[in-house]
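Chemist: With the hints as extra help, turn the sequences into a complete structure.
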Amino acid sequence: MSSFSPAIAYRLEAARAVVHDAARLAMSMRPAAGGPVGTQKAAQDWLTETDGAVEAFIAERMTALFPEDGFQGEEGGMAREGQLRWVVDPIDGTSNYARGRNRWCVSLGLLEGDTPVAGVIEAPALGEVYTALLGHGAFLNGKRIQASPVKDPASAMIEMGWSNRVPKAVFMEKIDAIMSLGAMPRSGGSGALALADVACGRLDGYIEIVINLWDVAAALPLLAEAGACVSPFLHTGGLTGPATILAANPHIAQTLSEAVAIPLK
Numbered sequence: 016m017s018s019f020s021p022a023i024a025y026r027l028e029a030a031r032a033v034v035h036d037a038a039r040l041a042m043s044m045r046p047a048a049g050g051p052v053g054t055q056k057a058a059q060d061w062l063t064e065t066d067g068a069v070e071a072f073i074a075e076r077m078t079a080l081f082p083e084d085g086f087q088g089e090e091g092g093m094a095r096e097g098q099l100r101w102v103v104d105p106i107d108g109t110s111n112y113a114r115g116r117n118r119w120c121v122s123l124g125l126l127e128g129d130t131p132v133a134g135v136i137e138a139p140a141l142g143e144v145y146t147a148l149l150g151h152g153a154f155l156n157g158k159r160i161q162a163s164p165v166k167d168p169a170s171a172m173i174e175m176g177w178s179n180r181v182p183k184a185v186f187m188e189k190i191d192a193i194m195s196l197g198a199m200p201r202s203g204g205s206g207a208l209a210l211a212d213v214a215c216g217r218l219d220g221y222i223e224i225v226i227n228l229w230d231v232a233a234a235l236p237l238l239a240e241a242g243a244c245v246s247p248f249l250h251t252g253g254l255t256g257p258a259t260i261l262a263a264n265p266h267i268a269q270t271l272s273e274a275v276a277i278p279l280k
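Using the numbering used here, you'd call the opening residue of the sequence shown number 16 and step up by one each time.
Calculated from the structure, these hints are not laboratory results.
Wrong hints could be hidden among the right ones.
[Unchecked claim] The following label-pair restraints were derived from C-beta to C-beta distances:
{"#": "1", "residue 1": "P21", "residue 2": "T255", "range": "24 to 32 Å"}
{"#": "2", "residue 1": "A276", "residue 2": "N179", "range": "18 to 26 Å"}
{"#": "3", "residue 1": "G157", "residue 2": "A22", "range": "18 to 26 Å"}
{"#": "4", "residue 1": "M187", "residue 2": "P257", "range": "41 to 49 Å"}
{"#": "5", "residue 1": "L254", "residue 2": "G157", "range": "24 to 32 Å"}
{"#": "6", "residue 1": "P200", "residue 2": "E83", "range": "38 to 46 Å"}
{"#": "7", "residue 1": "N117", "residue 2": "K280", "range": "17 to 25 Å"}
{"#": "8", "residue 1": "S195", "residue 2": "E64", "range": "36 to 44 Å"}
{"#": "9", "residue 1": "P200", "residue 2": "Y25", "range": "38 to 46 Å"}
{"#": "10", "residue 1": "N179", "residue 2": "P200", "range": "15 to 23 Å"}
{"#": "11", "residue 1": "P200", "residue 2": "K280", "range": "19 to 27 Å"}
Quick reminder that beta carbons are idealized off the backbone N, C-alpha and C, glycines included.
Modeler: What follows is the structure, given as structure tokens:
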């Protein structure tokens, strides 16, 4: 148990309130259903006005509450360093958000050094809030969650995230490996929510070949507290740049890891 436990528990409660207000801001700016509203940074990589507004809102609030803490955002980069560091993805699932879809979230994680210790993920259009505090469990709307009990890959549902940074051949190779296990492939457009789905048992596994710290920072404590197995993302480059992640329920994790050639250790 971290010596910061009371301070971290306090920070998690504060983060829940800040993320809730940020999620309300995002809902108020949400585009109507239809063609995408925003700009493309690269192929299928969207940026909306909301991304910047939500990150600025969270940055301002967290700086006022915890000026000694570090802060890192997807849009603004590393604003401050500290032993405790907040990592925010203002809108995870921007491609969905930009088209008025529901599968997107505001994600705020807290690291102590290189250990994820707390996280909040709010998906306001879905009416869902995930929270986790290291050593104290993972929760969805206040109810404790855990990874799924599915043991047979032929009954499993596996999601794989896509991005323009992954060669088509690599993506197809991994998808083929998933399907060869007999598992059902999925792709939902939000890495943070997919990892949360593994934590609560809606998915049996999630893979993304190139993903960033802000996409996973809040989900990592959720997965740890829910009993999921996760590849060593932070120790394979994830602390300082994009890296590969695999998360799965403990019953199929090894089989999936071997099939897609992503080590769990």
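Chemist: Evaluate each hint against the coordinates.
Modeler: Checked hints:
no., hint, in the structure
1, P21 - T255: 24 to 32 Å, "30 Å, holds"
2, A276 - N179: 18 to 26 Å, "22 Å, holds"
3, G157 - A22: 18 to 26 Å, "22 Å, holds"
4, M187 - P257: 41 to 49 Å, "20 Å, violated"
5, L254 - G157: 24 to 32 Å, "31 Å, holds"
6, P200 - E83: 38 to 46 Å, "44 Å, holds"
7, N117 - K280: 17 to 25 Å, "36 Å, violated"
8, S195 - E64: 36 to 44 Å, "43 Å, holds"
9, P200 - Y25: 38 to 46 Å, "41 Å, holds"
10, N179 - P200: 15 to 23 Å, "19 Å, holds"
11, P200 - K280: 19 to 27 Å, "25 Å, holds"
When held up to the earlier numbered hints, the structure conflicts with 4, 7 and fits the remainder.
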